[in-house]
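> Listed below, chain by chain, are the residues.
Number of protein chains: 2
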Amino acid sequence: MDQNNFRTIQSLGRKELINELMENSTVQKDTVINGVGDDAAVLACREGAYSLLSSETFMEGVDFDLTYTPLNHLGYKVASSAISDIYAMKGKPDSLLVNMALPNKLSVDMVKEIYKGIYSCGAEHDFQVVGGDLTASHQILSMSITCQGTVGEEEIVYRRGAQEGDAVCVTGDLGGAIAGLRILLREKEYWQDSQQQQFQPDLEDYEYVVQRQLVPFAQKKFIDTLEELKMLPSSMIDLTQGLVSELSNITDASDTGAMIYQAALPIALETRQVADEMKEDVDKYALYGGEDLEMLFTLKKEQVEQLADTFSNFTVIGKITSEYDAPVMQTGEGELVSFTEDN
Amino acid sequence: MDQNNFRTIQSLGRKELINELMENSTVQKDTVINGVGDDAAVLACREGAYSLLSSETFMEGVDFDLTYTPLNHLGYKVASSAISDIYAMKGKPDSLLVNMALPNKLSVDMVKEIYKGIYSCGAEHDFQVVGGDLTASHQILSMSITCQGTVGEEEIVYRRGAQEGDAVCVTGDLGGAIAGLRILLREKEYWQDSQQQQFQPDLEDYEYVVQRQLVPFAQKKFIDTLEELKMLPSSMIDLTQGLVSELSNITDASDTGAMIYQAALPIALETRQVADEMKEDVDKYALYGGEDLEMLFTLKKEQVEQLADTFSNFTVIGKITSEYDAPVMQTGEGELVSFTEDN
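Chains L and B supply the protein sequences, listed in that same order.
Here the UniProt record's numbering is used: the first residue of the first sequence is 1, the next is one more, and so on.
Here the UniProt record's numbering is used: the first residue of the second sequence is 1, the next is one more, and so on.
All clues given are correct.
Identical copies go unnamed one by one, so any copy, or any two together, can satisfy a pair.
Simulated crosslink set (DSS-like; lysine-lysine; CA at most 25 Å straight-line):
(1) K29 / K221
(2) K15 / K116
(3) K29 / K112
(4) K112 / K15
(5) K15 / K105
(6) K220 / K29
(7) K221 / K319
(8) K29 / K116
(9) K220 / K301
(10) K92 / K29
(11) K15 / K319
(12) K116 / K92
(13) K221 / K116
(14) K29 / K15
Source of the hints: derived by calculation from the structure; they are not laboratory data.
Keep in mind it's a predicted model, so treat the numbers as computed, not measured.
Hey, can you work out the whole structure from these sequences and the hints?
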């Protein structure tokens, strides 16, 4: 093959790649309400309800590192990530398929540990493991999780509904997962340098951010609150790829822009301390970090007040605008900055 | 970890491993009609119908080899394998999720080739690609496909319904896929020995078996025929792991035994020729080969005749018995042989 024609996967952004891959799709089923392009696929189900389907793939060495990831945490995290996509449509998870390619270095009991993490997530979020597939792998553990959930036809929230003037909100805080990753990678390096057989990392001071990285919680409580209040955000997405990337997904789908206020970004004290230690910019953690599994959503002004009355764990970080065609950020000094292309 | 306690994954059979992994499952959803233990999970759907979910994982170097697998064939095969599980419940596929971990050696256009194979399968079997996930991989291409389908509540066929006296039947012929694999592996070895840059295998004489390996067809026509005839097999499963293994799945689930007639095993002439060339036993191809994606099913005697009137591409290969608690085989000489434990 002509090397000049070899377009690397990295040469395209994630969205461009997906668009190219979907180009040749021809079949359109009546039962598919919404296919590729949101957190989960939306399928016709019983009267008044849709079925939701979403998948996540995790590769060892890329998406996780077994050096510092307890196996039950890994199971919990991949399950959390899959059901987070169901919550992002305001749905509830029902069932899970677990696919694994298993290398020889894992024993039966180690694989059971992974499943324990999945079941522990299942007990919290009320889903059942209903199947999957197991195959062998030469060296690398690979996991794919598919989650199926349900949502009322009148309750589903897409990415595409944001409107000018809506408040841009986020649950919890940002950048914690990447801060935890930085710490774990530093400890791993230290361990490798010191040639010790047993890896006993000293993580006491970093408990919060390490938990954010290893055992991220899907936002059940927030979704339950929305249901209690019978409140529908105008748009919603979960924070897998990082704030800037996911906010672009909302503004692209909604055909709007957005302005976020740098000073409003919710960042935990411990996340700031890690960035200081690493001599890095904590706002970059918050803007690009990814994996926080918080919910990013847009609300009308009156909804903001109503939500705040019963649920405190969210922050208004900006507003939807028609002035820009991509998110911009207002700094503390009032300067406007745009973001480099996300991947 | 104490090495004595390291139970390798290979030390358990596939069923035992799955049973151990499911041990700690606690959540039981009302919406799950049937979880782990059949070709697809069965979920409550609209009135009168169930939703089916099934997943397949394929790892490079274990389940496929890119040296001799055209990328569009790979896409076709993984899709075929996933929908075959839906057909095995007598369902129809509706939608597909495609998960891939992509190494750098693949260009955008190479990944598009994989998708073309998936879409080509989709056009034949009328399913829509509705989502999935893409991640990076250091070296190895990993694919997981989840298929969602639908089946009428009164039309679903499980593995567990086989009854004493039922005829054991199989569509098409057996052992072709493994024969194709043998040829492809021989050509690969030849190529590696000869140090040629360009791999130009001579496969003209082996077209049928190579197609069975690289582009296996899911049994739509057979399922359509059953529907036309309003005929329900008492049990059904698709041939992924090989005849002996899949028949054990039926007899285990149905709490019966089975006797198959060696002389009745349907084997294509070309498959026999390959076994001869390789100096191997062609019956082993047929019994243990796997990946044929044919349907193994059980019928009442009167159903066999009725089916034969309109559909010729199946063979009665044995009968369900209560005498044995696992499948046995009657040789041409009338001798009874039992099978070694399958994996």
